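In UniProt numbering, the protein residues as written are 1 to 360.
FYI, nobody ran anything at the bench for these hints, they're computed from the structure.
All values derive from a computational prediction rather than experimental measurement.
Some clues are possibly wrong.
Claimed, not checked - The calculated DMTMM-like cross-link candidates involving lysine to aspartate or glutamate, where the alpha carbons are at most 25 Å apart (straight line), are:
#1 K114 / D58
#2 K114 / D127
#3 K114 / D125
#4 K114 / D354
#5 K114 / D274
#6 K114 / E147
#7 K114 / D256
#8 K114 / E323
#9 K114 / E79
#10 K114 / E345
#11 K114 / E71
#12 K114 / D316
#13 K114 / E162
#14 K114 / D103
#15 K114 / D186
#16 K114 / E267
#17 K114 / E73
#18 K114 / E59
#19 K114 / E327
#20 K114 / D155
#21 K114 / D87
Unchecked claim - Simulated restraints on C-beta separations:
#22 E340 / T248: 19 to 27 Å
#23 D177 / L60: 41 to 49 Å
#24 V228 / D177: 23 to 31 Å
#25 G187 / N271: 35 to 43 Å
Backbone N, C-alpha and C define an ideal beta-carbon position, used for all residues, glycine too.
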Amino acid sequence: MDDRVREHARTLVDWSARIEAGDDVVVQVEEGAHDLGVAVAEALGERGANLLSTYRSDELARAYLRAHDGEFEANPDYELALYERADSVLILSGTNNTAGTADVAGEQRQAYSKARREIREARLDTDWVSTQHPTRAMAQQAGMAYEAYRDFVYDATLRDWEALAEEQAQLKEILDDGAEVRLVADGTDLTLSIEGRTAVNSAASVAYDSHNLPSGEVFTAPEATEGVVTFDVPMTIQGRRVRDAELTFEDGAVTDFAAAQGEAVLEDVLNTDDGARRLGELGVGMNRGVDRVTDNILFDEKMGGTVHLALGRAYDACLPEGESGNESAIHVDLITTMDEGSRLEVDGEAVQEDGRFRWE
1 MDDRVREHAR
11 TLVDWSARIE
21 AGDDVVVQVE
31 EGAHDLGVAV
41 AEALGERGAN
51 LLSTYRSDEL
61 ARAYLRAHDG
71 EFEANPDYEL
81 ALYERADSVL
91 ILSGTNNTAG
101 TADVAGEQRQ
111 AYSKARREIR
121 EARLDTDWVS
131 TQHPTRAMAQ
141 QAGMAYEAYR
151 DFVYDATLRD
161 WEALAEEQAQ
171 LKEILDDGAE
181 VRLVADGTDL
191 TLSIEGRTAV
201 NSAASVAYDS
211 HNLPSGEVFT
221 APEATEGVVT
231 FDVPMTIQGR
241 RVRDAELTFE
251 DGAVTDFAAA
261 QGEAVLEDVL
271 NTDDGARRLG
281 ELGVGMNRGV
291 DRVTDNILFD
301 EKMGGTVHLA
311 LGRAYDACLP
321 EGESGNESAI
331 HVDLITTMDE
341 GSRLEVDGEA
351 VQEDGRFRWE
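The whole structure should be built from the sequences, with the hints applied where relevant.
Quick look at the structure:
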C-alpha cells in the first residue's frame with residue numbers, strides 16, 4: 001500500500017473527524033476505495049473506536065432505483081437508527097464509473113431523495129467527513145494519467161491544515177462582519193445578503209464545522225440573491241455533464257436558467273422542491289493545492305480563484321441559533337472562475353480582484 005494512503009487515513013481520523021476511543025463510527029466505503037477503507041479501519045482500531053462499515057456503489061444504486069416503482073418508504077427506521085446512534089460517519093468515495101447512474105430518471109432520484117430527508121438530516125447531525133480515494137475512473141474524468149492524478153489528490157489532501165486555517169480566518173472575519181457580497185466576473189453580476197450569518201472556516205476538520213477532506217474554503221449561507229451568474233467550470237451532476245450554466249435570480253429565487261450542455265439536468269435539480277431554486281451556500285475556494293479542474297466537486301469547489309454557489313439546503317453552522325435557513329432535499333454546487341477582470345466585494349470593498357486576495 002502507498003504510504004500516502006495510511007497518511008490520508010490518519011489525517012481523516014485524527015485531524016478531520018477527531019475520533020476518540022469508544023466512538024461509534026460508520027464508514028461508508030465506495031467500490032474503488034477499498035485500500036483507504038482498510039487503512040481507516042486500522043486507524044480506528046488503534047484508537048479503540050467502534051467500526052461499522054457499509055458498501056457504496058453506483059451500480060447498486062442504479063439497479064435499485066431503476067427497478068423500484070418510485071413509491072419509496074419514508075425514512076425507514078432501521079436506516080434512520082443507524083445514523084441517530086452514530087457519533088461519526090466517514091464517507092470514502094472512490095467510484096469505478098463516474099457515469100454509473102446517468103440513466104436513472106430525474107423523477108426517480110427526486111422521489112428517493114425526498115423519502116430520505118430525515119435520514120440525511122440525522123447523518124448531517126453526526127461528526128461526518130467526506131473524502132476521496134483516487135481511482136482510475138476519476139483520473140480519466142480529470143483527463144489525467146492515474147499516477148499523476150494520485151499525486152494531485154494527495155497534494156490537495158495532505159496539507160498543513162493549521163496554516164491554511166489561519167489564512168482562511170482572515171476571510172471568515174470579513175464575511176462575519178459583512179452585510180452584502182457582490183460577485184462580478186464574465187457573465188456574472190450578483191449580489192447576496194449575508195447580514196447576520198456566520199462564515200465557516202472550512203479547514204478539513206469538524207472542529208471548524210468543516211466536513212470535507214480535502215477542504216480549503218470559507219462558506220456562508222446567503223439570502224436575498226439578485227442578479228445573474230454564469231458557471232463556467234464544467235461538471236458532472238447526477239452522472240450527466242453540465243457546462244456554462246446560467247441562473248437569473250429575482251427576490252432570492254431562480255426565475256430563469258440556461259446551459260450550453262445539460263440543461264435538462266439543471267431543470268431536474270431546480271424542480272426538486274421550492275428550496276432548490278434558492279441558494280444554500282456561497283463558498284470561496286482557497287486551496288492552492290487544487291490547481292486544476294478535475295470534474296470532481298470535492299476538489300474543484302476548493303480551488304483557489306473560484307467561487308461556488310449551492311442550490312438547495314443551507315448548513316446550520318452558518319445560521320444564527322434558532323433561525324432556519326433554506327430547506328431542500330438537495331445541495332448542488334456550481335462553480336464560477338474568478339480570474340482576470342473579476343471582483344469579490346464585501347460591502348462595496350474589494351476583497352479579491354483578478355482571483356487574488358488583497359493579502360496574497
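We went through each hint and held it up to the structure:
A hinted pair counts as satisfied when its Cα atoms are at most 25 Å apart, and K114 with D58 qualifies at roughly 19 Å. For the hint pairing K114 with D127, the CA-to-CA distance comes to about 23 Å; that is within 25 Å, so the pair holds. A C-alpha spacing of about 18 Å is found between K114 and D125, which places the hinted pair at or below 25 Å, so the restraint holds. Annotation: proposed proximity of K114 to D354 is violated, straight-line Cα distance about 40 Å (limit 25 Å).
With a CA separation close to 12 Å, the supplied pair K114 and D274 stays within the 25 Å bound. Annotation: proposed proximity of K114 to E147 is violated, straight-line Cα distance about 39 Å (limit 25 Å). Proposed proximity of K114 and D256 is supported: the alpha carbons are some 24 Å apart, at most 25 Å. For a cut-off of 25 Å, the pair hint linking K114 to E323 stands: about 22 Å separates their Cα positions.
The suggested pairing of K114 with E79 holds, with an alpha-carbon distance near 15 Å, which does not exceed 25 Å. Distance check on the hinted pair: K114 and E345 sit about 36 Å apart at the alpha-carbon level, beyond 25 Å; violated. A hinted pair counts as satisfied when its Cα atoms are at most 25 Å apart, and K114 with E71 qualifies at roughly 11 Å. For the given pair, K114 sits about 19 Å from D316 by alpha-carbon distance, which is consistent with the 25 Å threshold.
Taken as a hint, the K114 and E162 pair is broken in the structure, with Cα atoms around 37 Å apart against an allowance of 25 Å. Restraint check: the Cα-Cα separation between K114 and D103 comes to about 19 Å, which is no more than 25 Å; the hinted pair holds. The suggested pairing of K114 with D186 is violated, with an alpha-carbon distance near 35 Å, which exceeds 25 Å. With a C-alpha separation of about 17 Å, the suggested pairing of K114 with E267 holds against the 25 Å cut-off.
Restraint check: the Cα-Cα separation between K114 and E73 comes to about 10 Å, which is no more than 25 Å; the hinted pair holds. A threshold of 25 Å between alpha carbons decides the hint, and for K114 with E59 the separation of about 21 Å falls inside it, so the pair holds. For the hint pairing K114 with E327, the CA-to-CA distance comes to about 12 Å; that is within 25 Å, so the pair holds. About 37 Å separates the Cα atoms of K114 and D155, which puts this hinted pair outside 25 Å; it is violated.
A hinted pair counts as satisfied when its Cα atoms are at most 25 Å apart, and K114 with D87 qualifies at roughly 24 Å. Here the CB-CB span from E340 to T248 is close to 24 Å, well matched to the stated 19 to 27 Å. Checked against the hint of 41 to 49 Å, the C-beta distance between D177 and L60 comes to roughly 47 Å, which is consistent with it. At about 27 Å, the beta-carbon gap between V228 and D177 stays in the expected band of 23 to 31 Å.
Under the hint 35 to 43 Å, the C-beta atoms of G187 and N271, about 24 Å apart, miss the expected range.
Going down the numbered hints, you'll see the structure goes against 4, 6, 10, 13, 15, 20, 25, while the others check out.
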